[in-house]
Amino acid sequence: MFVADLLLLLRYSVATTSRVHPVCVLYLNKSFLCTFFFTEKKKTELCQELSLQARDLRFQHSTSLTARNNCIIIRMETLKAIVTLNNLLVFDFRGMGLERWLVLELAPQLASQTYSLPFEFRALEAILQHRVNTLQTRLNEVEPVILDTLESLVDPKILSADRSKLHVLLQNSKSLSELETDIQVFKDSLLKILDEDEMIEELCLTKWTDPRVFEESSLGIDHAEEMELLLENYYMQAQELGNTARELKGLIDDSESVIFINLDSHRNVMMRLNLQLTMGTFSLSLFGLIGVAFGMNLESTFEEDPKVFWLVTGFMFLGSGLIWRRLLSFLGRHLEPTLVIHFIFHTLLFIFNCQIANVFFLVDTPSLEKKSERWNKMIILSV
Amino acid sequence: MFVADLLLLLRYSVATTSRVHPVCVLYLNKSFLCTFFFTEKKKTELCQELSLQARDLRFQHSTSLTARNNCIIIRMETLKAIVTLNNLLVFDFRGMGLERWLVLELAPQLASQTYSLPFEFRALEAILQHRVNTLQTRLNEVEPVILDTLESLVDPKILSADRSKLHVLLQNSKSLSELETDIQVFKDSLLKILDEDEMIEELCLTKWTDPRVFEESSLGIDHAEEMELLLENYYMQAQELGNTARELKGLIDDSESVIFINLDSHRNVMMRLNLQLTMGTFSLSLFGLIGVAFGMNLESTFEEDPKVFWLVTGFMFLGSGLIWRRLLSFLGRHLEPTLVIHFIFHTLLFIFNCQIANVFFLVDTPSLEKKSERWNKMIILSV
Amino acid sequence: MFVADLLLLLRYSVATTSRVHPVCVLYLNKSFLCTFFFTEKKKTELCQELSLQARDLRFQHSTSLTARNNCIIIRMETLKAIVTLNNLLVFDFRGMGLERWLVLELAPQLASQTYSLPFEFRALEAILQHRVNTLQTRLNEVEPVILDTLESLVDPKILSADRSKLHVLLQNSKSLSELETDIQVFKDSLLKILDEDEMIEELCLTKWTDPRVFEESSLGIDHAEEMELLLENYYMQAQELGNTARELKGLIDDSESVIFINLDSHRNVMMRLNLQLTMGTFSLSLFGLIGVAFGMNLESTFEEDPKVFWLVTGFMFLGSGLIWRRLLSFLGRHLEPTLVIHFIFHTLLFIFNCQIANVFFLVDTPSLEKKSERWNKMIILSV
Amino acid sequence: MFVADLLLLLRYSVATTSRVHPVCVLYLNKSFLCTFFFTEKKKTELCQELSLQARDLRFQHSTSLTARNNCIIIRMETLKAIVTLNNLLVFDFRGMGLERWLVLELAPQLASQTYSLPFEFRALEAILQHRVNTLQTRLNEVEPVILDTLESLVDPKILSADRSKLHVLLQNSKSLSELETDIQVFKDSLLKILDEDEMIEELCLTKWTDPRVFEESSLGIDHAEEMELLLENYYMQAQELGNTARELKGLIDDSESVIFINLDSHRNVMMRLNLQLTMGTFSLSLFGLIGVAFGMNLESTFEEDPKVFWLVTGFMFLGSGLIWRRLLSFLGRHLEPTLVIHFIFHTLLFIFNCQIANVFFLVDTPSLEKKSERWNKMIILSV
Amino acid sequence: MFVADLLLLLRYSVATTSRVHPVCVLYLNKSFLCTFFFTEKKKTELCQELSLQARDLRFQHSTSLTARNNCIIIRMETLKAIVTLNNLLVFDFRGMGLERWLVLELAPQLASQTYSLPFEFRALEAILQHRVNTLQTRLNEVEPVILDTLESLVDPKILSADRSKLHVLLQNSKSLSELETDIQVFKDSLLKILDEDEMIEELCLTKWTDPRVFEESSLGIDHAEEMELLLENYYMQAQELGNTARELKGLIDDSESVIFINLDSHRNVMMRLNLQLTMGTFSLSLFGLIGVAFGMNLESTFEEDPKVFWLVTGFMFLGSGLIWRRLLSFLGRHLEPTLVIHFIFHTLLFIFNCQIANVFFLVDTPSLEKKSERWNKMIILSV
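Protein chains in written order, with the working numbering: chain A, 3 to 385; chain B, 3 to 385; chain C, 3 to 385; chain D, 3 to 385; chain E, 3 to 385.
Excised from the complex, chain A in its bound form:
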């Protein structure tokens, strides 16, 4: 029988009537090979056969693991199974992506003879392993995406966070939270059993029918002890997954802080640059006013002197440059708020001095050479 045919059979052969559940029964035949067949049964039939209550077959909680009347009833999200002494029944397996696992992985795993453990141990181990693998797969899907997204978001060179990446991060962060909850629920369901010795013993189905199984083994280990080891093993695997998920959550938080500091830093740098340019514009406006004044259609008596044009033009450009340099050096030295006011009045004084100097110096043009020297000194002193 080919696997592909089997999978096809599995998918279509069983009619889906509402009250009838598709069941996959796996059992070990006499040559210790795992055989399986697909059937469909009514709930009531199953209850009678396994002498369980209808309630037990409802699998109410998303994750549960209980022993009831010599059966182990397991639900791990989509996987609903009942383990008896010799059979493993898997319910409602279709449309859940479980077919491949059932045929290709579960059957060989149950048949493997490496350690001669009773059937229910092997079935339980296969199912718990499948659950941990599922959780691990989900973590493996989420982890690299989050790490990549964070890597590109905390890149110090970027000015603004890429919004599509934020969306990806948010989606994966949500998946991570759900994964954390599922891991926690899985851990809790195992811990509940590990905390009560009675419940562990109930899970050892063989113990009540064939207590001498373990006596044959050389190591003299107990049924319950073996079961505890098995459950503890998967508990610790889940805990390792949980630790990784928690660290990832912490990394997201830390990275968000770094993104905020990055964005804030960028903003401060741009604001400083903006402030420096505003200082320049202010200086140009201040000295441009002189030009506007001379541009008025009013008589200023200097109209005819060709030297005055160059003097005023030079004063405008030079004055702007000097004021700007003072403003920049002020910004560079300290950004203390209390000092700003002092600076501004200091600067105002300097400006009015310059203007007065300008006016005086324009009034008597003959002594122009002398004045210009004095004026240069004045600028040097105040700068």
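Quick caveat, the hints were computed from the structure, so don't treat them as lab data. This structure is a prediction, so every number in the text was calculated from the model and none was measured. Misleading hints may appear alongside valid ones.
You can't tell identical chains apart in this list, so a pair holds if it fits in one copy or across any two.
[What the hints assert, rightly or not] Straight-line Cα separation of at most 25 Å, DMTMM-like style, residue types lysine to aspartate or glutamate; simulated pairs:
1. K45 <-> E101
2. K167 <-> E143
3. K45 <-> E234
4. K189 <-> E107
Please build the complex by placing chains B, C, D and E on the supplied structure of chain A, with the hints as guidance.
Positioned in the frame of chain A, the structure of chains B, C, D and E alone reads:
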């Protein structure tokens, strides 16, 4: 008897005097149908009938579940009930929206014969189911609103958060907190019983009167064990609700971070654009100053040369453009704060060079062709 | 005896010497009325009378409840009391606002015969009730202030948070933290007793002297069981207070996030408006430069043509408007940082095109009609 | 013997060789006075004398309290001590600031006869008291500094946080964290003993040698019970310290939120003011363009009419004022982003209307009176 | 045999076939010296020799410590070891950096005769010590880097956070999280044993073969008690590491808040400075409009009066200065948003007053002296 009439009867038939409590009594008649009648009783009468203390009928805590003197006293927020061996008494049910539930759901649920459990089990199950349903309903109301609001708030395209949606979010976040507390209180009240085997046994009223009920059942399950399963079932349902609520809280926190990063990113982008325009305005102001200078009513000796107009105008526009391009490329290359100062002095040097070039080049107009070539080279070099 | 007189008496009759403690003794007289008198005793006298150690009367911890040598020693913050079989002694009650409670509430409560509980039960209940009431009162004071302040702070219309309200919030948030601690300490002190059955039994003073008190009661309830119920009742009341306080804390945190998002949103909106105006100013500066150019005292050969004035003026206003509109539509369409650069060079190209068009079109005025058509097309195309 | 001499002796008399430990031995002499002498012993000698293992004298953990072979071995950070039945040995006390405490406080405390407790109780109490006092002192140092710093940082009037105060806050916040850890470690070490009755009994050294000590006391209290009370007392004192520290941490967090809201509010207010001034500058630029247009050296045909000067000047100032008022009222009414676009196109329309009105109205000056009326109406309508 | 040779031998002598594990066996020879040899064994051989199951040799979890069939199976991350009564087997030691430790530290430690503890105690102690040392080393690597980075990041003088340092911080913060998890896992694995007395006894291998070992010792200490002390010692060392790591995490969080406040403060100071300059630019634009008005080619009738030039120029500069001073003092006094509007209309009024004064005063030039006085008063009043 029609349901509508019944509901009407339920609402108006019982006079509300202050000391008299409306009581709805539900019991199974001999044909195992659930019958109910409405009456009103004084507290003292009830105490005597049930041999309880007055204190027990005060239902002090919002959520409690205790066994007292062969009665189970339950309060689940608005629902106050006492379960005896054969009766279920519901108190103060009016105005709480409980009428419909009493008549349409509770009565059939008590009468259902699917599993032949004693009366108190069925009553307790009905009440706990009602409580979990109420909590589930509240979560179902809050969850989609929060998800929708967050969906629209983290939309990367929006510039500013919609304040009305923030209000909705805050309101629902508050409701979610209250729901979380209620779920926790419900879980705690169940856990308190689950942790003590004595209390579980006290809840099994039938055990003390008719201990053989369960012996008849085929499964040989114990009273206390059955009760533990029942309580545990609802405990786990509440835990699943709690997990969902906690995940939702986490999603709100994560989304808030994303909203902040979004708003900050938008701001940085706008600030960069603003800075680019400020650079443009600065460039125009700087070279506009030349125009202002030539606009002064002062003699510059170039007044009559028609070429000078085009040269100066060209220089103003071209100079502005070049300076702006330099500023933009500087911004694009690096935003390091230490480099800004270097850049500015570098630029200042360039500007003064240009101005000097301008002046020299205007002074001797004959050699205009040569100069313009040299000047072009100079610009190319400095850009 | 009038209450007012009594309160006066209470306040002034007892001289306050340092070593002498004012004590209020309450006891039930034979007609089951609560009588009380005020006295002052030395610590050593008290120790001998109650056969306690000096250490027991030091009331070291702010909240404690212990049984010692047939006395219950209670301290609840300001209230220090010792309950014996027949008496309730309250210490250092003056200046603590306890007088009114002692006379008006405690005495009647102790005398009430509703349930015939032993004296120590009633005394303990009165004191615990008083403690819970005090905590409830503090919560009731803090809660509405916080809710009101938050309500006005999260108002989406306000531009900046009212700083005086922030101060109020901070103060009440601090009070809330202290209240939470006090509730927790109260809960812990009750839980310590509830966790140990021995300690509960020690609190039942009557049990050791008159164990048959409860046998007389119809309900057959035990001393210790009754005490457990009593303590548990107040434990749960404290827990409800604690839950409310915790929810309030959560609400403050959530509201702070909303306030931040609100302020950030306002800032983004203002920044967008600012950017739009900066765009306008930039456009006006750019085309104003043309005006400045024609304002220069240089010969442009168009001086005499009256049409040129209207053409250039129109070009300036129309050009500014068009550029601004383009900038605004660019801002509206996308705020992507990478596109800004493309946009700016695109715009620069458009501007230079316009200027070239302008220049060419001014050079040959005869073909003005044709050119203006072509120019209009060019503008339409580039917009 | 003078205390000063003693302290001097204590500091210098004992030579510090590497292998030899300075030991201060305190014991009660027969007249029940606490005598002490200083000596130095080798570790091996000590081990033999006290019959302890070398490992026990290594005091590996910073906080530990264990009973070993009829000795209580205590380490509380710098204080290393061993309590035997009759002696208290303090090790390595020099350079730790312990000398003063040893001489002035510990000795009298051990000798005090107020309650006749065995020696080891008094020694243990003295050491635990010293530890709690040390923790209390550290909290007392940190608390007022933090409260003061926060008080000045949350001051709503300040524009920017004082950076030196932030540094102080950070330092003290770190100290507080370390203090919290130390309190927790102290609590844990006491709790470990309180949780196991055996360990408590081991601490009662007298019990094994002279079990009748307590029988003599009037109160009939047990050794172990007394020890439990003693440890519990210091546990609760530590818990109160821990609560205070935790509240302080919470206050720092709350205050930081308030500081952020304060800074954000200030920024929004400044941004609004900036926006209002940008609006003013924009209005002035817009109408200044008219002035620039008329300043061009181009023929506008109005040059000679003196009324036009006043009309245009008035229009410029009045128009700027009106536009600014409209912009301000727009800002005041609503800051909705969607409305900004509508507003801007509305305003643009208004401006173009005004300009057209301006142009038309300037063209035919005769009908000036009529036009001006119509124009006024238009302005009124559009405002 | 030289150590270097030995290390070389260790590295190359053992061929690495896939199924064969390199094993280092350490044992005490008869002269109580620790001898070791390197060998390679198949898993199945090992299982048979030690009578363990194959599963036990898979070392599935990263950190585990279990007793199985008179062997202690230990895995501490890279270190996989099995302790038997007389041997210590270390597996897969190559390429893990364990060689040096094996030869130089482990061997002498096992041989040391200071306290005559059984072999398994000494082996366990050596391995746990190695694990704690590894964790300590990792903390020592991370701690100074984090402290340095934070120190430079919270520096109040810096305007923007150094992005490369943020990256370093993020990397180390991640390492710290991983370290915290590892410490927690190590603590949990020890705690699991410490919580169950049975498991402690299982670890004492000698107890089952030679129970009289401890009876010989003078101190009469028990096997299990000794083992508990040993494990507890390393548990507490791990806890101290954990506390340090937790404090470091807290410090990072606190520092991030301080960095945010720092950046925000800087931004506010820059914004204030920007606002002050915007105020200046606004003032200059406002009064520059007068200059632009007079620059228009329109007849203002003042063209010929030389005094008017100086008056208007003075008015422009003086007016700008006064308005700016008013704006600055307004900013200094209060930043309340409601007052801004009042201020602006107040200022507008003042400006229009000035302009009206200006216009009136320019109209009749003869009474210029009088007007100027009145005008000065007006300015003084309004300022």
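Comparing the hints with the structure gives:
1. K45 <-> E101: Intra 21 Å, inter 35 Å, cutoff 25 Å: intra-copy only.
2. K167 <-> E143: For K167 and E143, the Cα distance is within 25 Å only inside one copy (16 Å; across copies 30 Å).
3. K45 <-> E234: between (33 Å within a copy, 23 Å between copies)
4. K189 <-> E107: Close inside one copy (24 Å), not across copies (36 Å); limit 25 Å.
Against the hints set out earlier in the document, no violation occurs for any number.
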